[in-house]
Amino acid sequence: MIGRRSVILTEADRWLFPVVLLVSVYITFRGHNAPGGGFIGGLIAGAAFIIRYLAGTPLTDRWHRALNPTTYIGAGLVIAVVTALVPLAYGDTLLESAIWKWNVPAIGEVKLVSSSIFDLGVYFLVIGVVLLSLMSLGADPVHDEEVGEES
Amino acid sequence: MSAALIVLIGVLFASGTFLLLQRSLTRIILGVGIMANAVNVLILSIGARAGEAPIIGRDGEFTDPVPQALVLTAIVIGFGITAFLLALAWRGWTIDGNDDVEDDDEDKRVASAKPLLGGTEVPGDYQ
Amino acid sequence: MNIALALPIAAPLLGAALSMLVKQLFIQRIISFVALGISLASSIVVVAKVVTDNDILVTRLGGWPAQIAITLVADRFAALMLIVSISIMALVLIYSIGQQASDEHSTAYHPVYLVLAAGLAQAFLAGDLFNLFVAFEMMLMASYVLLTLEGTNKQIRSGVTYVVLNVVESTILLLGIGLVFAATGTVSMAELPERLAALPDGVQMGLNLLLLVAFGIKAAVFPLYFWLPDSYPSAPSSMTAVFAGLLTKVGVYTIIRTETLLFPGGQSTLLIVVAGFTMIVGVVGAISHTQMKRVLSFHIVSQIGYMILGVGLGTQAALAATVFFVLHQIPVKTSIFLVEGIIEKETGSSAFDDIDGLAKRSGLLAVFFMLPALSLAGLPPFSGFVAKLGILRAGFDNGSYVITAVAIFGSLLTLISMIKIWMGLFWGEVRPTPPAGRVGIMRHHKIMSTTSITLVGVTLAIAVLAGPLYDYSVQAAEQLLNPMQYVKAVLGS
Amino acid sequence: MFVLLFAHFIVATAALTVLKSRPRVSAVLGICVFVATIIATLQWGRTTDGVREVSFNWIGDLGLSLHLRLDSFAVMMVLIISVLGALVLAYSLAYFDPDETTARFTGFFIAFAGVMSGLVMSADLFTMFVFWELTSVLSFLLIGLHSESGHARASALRALLVTGAGGLCLLAGVALFQVELGTTSFQELANMAPTGTVITVAAILVLLGAFTKSAQFPFHFWLPGAMAAPTPVSAYLHSATMVKAGIVLMARMSPIFGDLDVWRWMVVVAGGITMVLGGVRAMYATDAKLLLAHSTVSQLGFLGILAGIGIPGATYAAVVHLAAHAVFKAALFLSVGAVDHAVGSRDIRTLSGVGRQMPLVAILATLSAASMAGIIPLFGFATKEKALAVLLKADDKVGAVGNVALAFVVVGAVLSTAYSVRFVRGVFGTKKDCAPSHVHHAPSFLLVAPVVLLSSASLIAGLFAKQTGHLFDAVATTLSPEATGKLALWPGVNTALIVSVIVVAVGAAIGYVFPLAATARELPVTGDKVYLSLLQGILTGSKKITKYTQNGSLQTYVVVTMGVVIATLMYSLATDQLPHFDNMVIADSPLQFGVVVLCIVLTGVVTFTAHRFVAALLLGGVGFAIAVIFALFGAPDLALTQILVETIVLVVFLLVLRQLPSKFERSIKGSARTAQIVFSVSVGLVVALFALLVGNSRQAPSVGEEYITRSSPQGGGNNVVNVILVDFRGVDTMGEITVLAVAALGVANLVNMARRQRKPKVVEASQ
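If you read the sequences in order, they're chains A, B, C and D. Residue numbering for the first sequence follows the UniProt record's numbering, beginning at 1 and increasing consecutively. Residue numbering for the second sequence follows the UniProt record's numbering, beginning at 1 and increasing consecutively. Residue numbering for the third sequence follows the UniProt record's numbering, beginning at 1 and increasing consecutively. Residue numbering for the fourth sequence follows the UniProt record's numbering, beginning at 1 and increasing consecutively.
Treat the hints loosely; a few may be bogus.
Said to hold, decoys possible - Computed far set for chain B versus chain A, every beta-carbon distance over 10 Å: (1) Ala3; (2) Val7; (3) Arg23; (4) Glu52; (5) Asp59; (6) Glu61; (7) Gly80; (8) Ala83; (9) Leu86; (10) Ala87; (11) Trp90; (12) Asp96; (13) Arg109; (14) Ser112; (15) Lys114.
What the hints assert, rightly or not - In silico EDC-like cross-links for lysine to aspartate or glutamate, where the CA-CA straight-line distance does not exceed 20 Å: (16) C:Lys154 / B:Asp100; (17) D:Lys663 / B:Glu102; (18) B:Lys108 / C:Asp353; (19) D:Lys663 / B:Asp105; (20) D:Lys669 / B:Asp100; (21) C:Lys154 / B:Glu61; (22) B:Lys114 / C:Asp397; (23) D:Lys547 / B:Asp96; (24) C:Lys49 / A:Asp92; (25) D:Lys466 / B:Glu102; (26) C:Lys360 / D:Asp99; (27) C:Lys360 / D:Glu148; (28) C:Lys154 / B:Glu52; (29) C:Lys360 / D:Asp261; (30) B:Lys108 / C:Glu104; (31) D:Lys547 / B:Asp103; (32) D:Lys669 / B:Glu102; (33) D:Lys544 / B:Asp105; (34) D:Lys397 / D:Asp576; (35) B:Lys108 / B:Asp96.
Calculated from the structure, these hints are not laboratory results. Because the structure is a prediction, the values reported are computed rather than measured. Just so you know, even glycine gets a beta-carbon here, dropped at the ideal spot from N, CA and C.
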């Protein structure tokens, strides 16, 4: 860990972390129409983890079990590739996109583009990548458990 | 086309090359980073003209979105490469306590050894 | 058809993704085999379709019109490369399991290996320059990881050389592609020929050269090959085998594309000169070194020279010979590295200083070294001979006597380098003493031996079936020399 | 017949695999194959007109097909190969102990016989080349049979490299013929009677190939070295069969190209020098086997002249002498082997009284030696007479070169007689000052029987020279229609006979007088020395080149790579007029200008600072500045991504740097540093200039416009960049996230490996 735990950062992290995560999800889905998207969203979420990391909140116990970064990466890639592959089953080409529109009462028209799902895959993958790099290079190389490995 | 950006491209390429020529892996990685930035600025500034962000609904003349997409991909790939190089530097450091890029041992050995044929000297003894 | 072209890329990618989600080695292996199996099956379909339709297959991804979509394109050459490389990937996967060096070492092995396969497939099928760059990056990144998989001192040191020079290559390639876009406003390989041809000479030449430099680094031509002999030998043999067999050939493949599709005949003289130096300097390096893996690594470089010569000559005969040369080279080179892997696994080294008398210990091993070695040296009746003769004839036919003479001289040096390995490892008193009760090297390493033998068998089959395969190469060359066919197939009339 | 060819290979494979532990069984099988081949060949030789063809189309497009043709000449050669093969193999049963080496010998031997038969049956140059190279490889393996011995290895290498180099000349010739004429078939070439510079070059290349294989000067030196092989190998490969491949080739080609002056002169001069040189060397050899080796060289020179000079009569003489030589030389080798086996020595200075103790072998060997010396009434006499008779008249047909040939042959013939005498005297004679050699055991039946057969063949063929001569009529006419001739036991007193008598008399006198222990003065230049220095030169040169090209330094590699980039771009810049600055502005906005300046300053600091942390932080700074430039350019997505990526890279950088020292250790000072700076600046300059040039050359509209129009209606999004990323060019993104994933896995893997490799140490330390 870098330095000692900072009280300010720890406090900030407690409040910031969920907020930043929410923002990241928003940015991801907004990306189709305004600056943003899976990369940016994922990186923002990654940044949230960085803050958490800098605050010194251990990533290794609870987080490690719940969120194996490799799983994030794998899941993200599965989502992206499957989204890309689905149209093939309908006789279309790889990555052919579809646009679904629903009229939801009270909210109005809701539009979902299949490529947004693809972007979601990107989002998860990027989070996983940031997490994995951080955990690997940030951890104590001698005593800590191996990252992303079942031991 | 902006002269300032062209100059910046030149400076970044020069600096990147210089850093790549150093022995310390850290500096080489810095060089890789700068080079990547150099190419990205180049693609954007040579491939497109400055303008309004290409978001439908905004006013003004849009700048070409394609270079942006290419550069975005390049930035992300560059991120991966830099992370991996840093891990290499870190690993190199844990092995031998420095981050200098050494010359290849085998090449050095061969350069100083006698020329051999199949592990033996050229055999010329038959009589 | 969309499926057949998409799956060679998508199946390994999905496999890689799933493989990351599981940690059990057994399941990972199954995933890899299934993914590569699907990939292989669809590439067979691609080849069959290319042959029966006698046309170029195209799929426009996302269903967009060809001008704006990324296309996957398979002509005869691409289809051939696809099927060969995927088969090799599948075979070496089996070998590497037998080698007990890679996938038992790290759970990253299988996903990364699959990404390498996907990258290869994408590189061959890419109909878009930037997509080609991405494919290159997939391959490169995967190769960085595979090269340093064990994280030993040696691997890290040579890994640095490999990574840095390949990053330089990526940078140059990106620069080149960025400038191509800047000059033409597109990166679609079907749209480019016309737009590039309209550019001023200097710009054309510069873009052409930039791409050639980048692909030349990838293909390891003189004077851009340095990274190869320093880095390949430190990887596990199975990885070296794949790299040696496939990665440099991707460079050759892209050089051929550049010189036939994008800038037809752009730099033939330069390529011929470069080819001459590559042939000689590569094999000269092989002669100086005293470690089988190093010798073979230098040897890769030298052989690349022959392929580049074919591209430089640029006639249909020359390109046909080059296509055949690539086709022959991939399995042969891979197989000889696989045999090397058996030696290394058995004795812990491949240095001439450490080992002698292997022929006495295992005649079978000697035979299965000798067969690919003689083929590489271009001796009849092996496939390497057909390939070499094809190049020489094309050279004579073109009236390029000097370079052809250089090529012939190079092949004498090649013979010396192969004999050097033979004399260094296989002849003499047996050393080191085999462990007691060892039945035979080949029998002891069953999986590795079986796969190596299979691959050597494939190389022999290439020699036997050289007739139809050469016909195929000739037709592939015909397509290559007719870029309009490519453009038409992609863009429609 | 052609099935029998395959039988060779099947038996050979069996000998090397399933019968590995029973070499005797495989030898017997081999003999059966040889005998079958003999019978079949004879059968065909009688029943058909002597020609039988088969061809296997390999690659039609390249005109590569394997084409075998069994004509009378091929029949003769196959018979020589098979008869001698059977005899030598039988001999080897007694000669070797049945161990693994013998198994390998047997396998290689049978395979070799098969390949050699294929070679002599080849109907075209290409097919011949295929078998040709295989004989080289197999002889390499046979010479190196006892690979523990450095001598054997060196000899094998020498033989392979010399014949291999010749093979490449041959290959070049083949390729030239194929390209120029579209065929390499001997018959078709003969019909075409091609001319021209390229054709001449091709013919000469083929001739050079033949020279190397048949040990003609200046490539003669590998043959004596090849005697490192066990005696049966020498007897077979290096006297009777493989070395004849070149002669066969010359015999096939000379009817086509024999009229070329270059060809003729090359053949005569090379053959003549070979003949004389081999003879002289034989006079100095003290190892009986080496003596025979040099005599083989000499005889090959003789055969070369006859086969290559392109006179029909000489072709006939070549054919008959080829047969005669195969018979007597094999017998001689085998008898030396028998002596060696019994006594354990081949040194003619110390062997003494062997003739008395092994009378049968001595008589047989003497007979064969007499045939070699050309003494009446042996086969060798008749053939040599024929050759002399032809050459005496040669100048009528070919002019001066005929006389030169005659001169060489006469001198060579004198030497032949001399070394024949020397051989018999040395091996079987009794020397006063030497203790009689001890014969350990009488040679067994199988060691002697082949010699009996061969030597009596020399005698019988000589006695019935006329009939024997007829047998070869068809053989010679196959090669060239006019090549007819006669042999005679007693030709009558004519010039040839007189010359011959003088030759024999002088030769015998020299052979008798010449000391057995004479040592030759070392020549300043020999073929072998040239070979060695060439090989050494290749090795040293290779090392030197590699030392410079592959110096192992990453810096050098980067310099060269970037140097190539500069060079190519400068060259391209030079071909066009320099970029113009028409639509150039200083900066798109004042803010942009400011940020660029800041960015340049930061870059400068990153480049030259000695502090790691400073460098890493400011690299982030450069990244942020560039993000601002992106934003100003109209690329908000790019700017956002750049900022986030730079942040995360910075954090990772710092994580790594905390383990490294705060300052860079050393950096080059002085002129090297200046050179680096100059180099780097020129990279920057050239790239920027070229970028400018490219930027001004756009003509067609960008594909981006299409994306902008389609983004919202078809892609379902307003942010065009994002729609491109996830839709239009989604495959790029798919690839790119894969790259990212793999990079992360790689990072984790490296760290995990580090842990794994460290853990044991930690455990050790704690114990």
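- request: Over 10 Å to the closest beta carbon of chain A is the bar; see if B:Ala3 clears it.
  value: holds (28 Å)
query: Since B:Trp90 was said not to touch the interface, does its Cβ keep a gap of more than 10 Å from each Cβ of chain A?
result: violated (6 Å)
- request: Would you check the hint for D:Lys669 and B:Asp100, treating anything up to 20 Å between C-alpha atoms as holding?
  value: It holds: about 16 Å lies between the C-alpha atoms, which stays within 20 Å.
- request: Please work out if C:Lys360 and D:Asp99 have their alpha carbons no farther apart than 20 Å.
  value: holds (12 Å)
- request: May I ask you to check that B:Ala83 keeps its beta-carbon over 10 Å from the closest beta-carbon of chain A?
  value: violated (5 Å)
- request: Please work out if B:Lys108 and C:Glu104 have their alpha carbons no farther apart than 20 Å.
  value: violated (33 Å)
- prompt: If you draw a straight line from the CA of D:Lys669 to the CA of B:Glu102, is it 20 Å or shorter?
  reply: holds (18 Å)
- prompt: CA of D:Lys397 to CA of D:Asp576, is that 20 Å or under?
  reply: Violated. D:Lys397 to D:Asp576 sits at ~65 Å, over the 20 Å cutoff.
20 Å Cα cutoff - pair C:Lys154, B:Asp100: holds (14 Å)
query: Is the Cα-Cα distance between B:Lys108 and B:Asp96 20 Å or less?
result: It holds: about 19 Å lies between the C-alpha atoms, which stays within 20 Å.
message: Would the hint linking D:Lys547 and B:Asp103 be met if the CA-CA limit is 20 Å?
response: It holds: about 12 Å lies between the C-alpha atoms, which stays within 20 Å.
Status of the stated non-contact between B:Asp96 and chain A (beta carbon gap over 10 Å): At about 15 Å from chain A, B:Asp96 clears the 10 Å cut-off, so the statement holds.
Hints 7, 8, 9, 10, 11, 19, 21, 22, 23, 25, 28, 29, 30, 34 from the earlier list are contradicted by this structure; the remaining hints agree with it.
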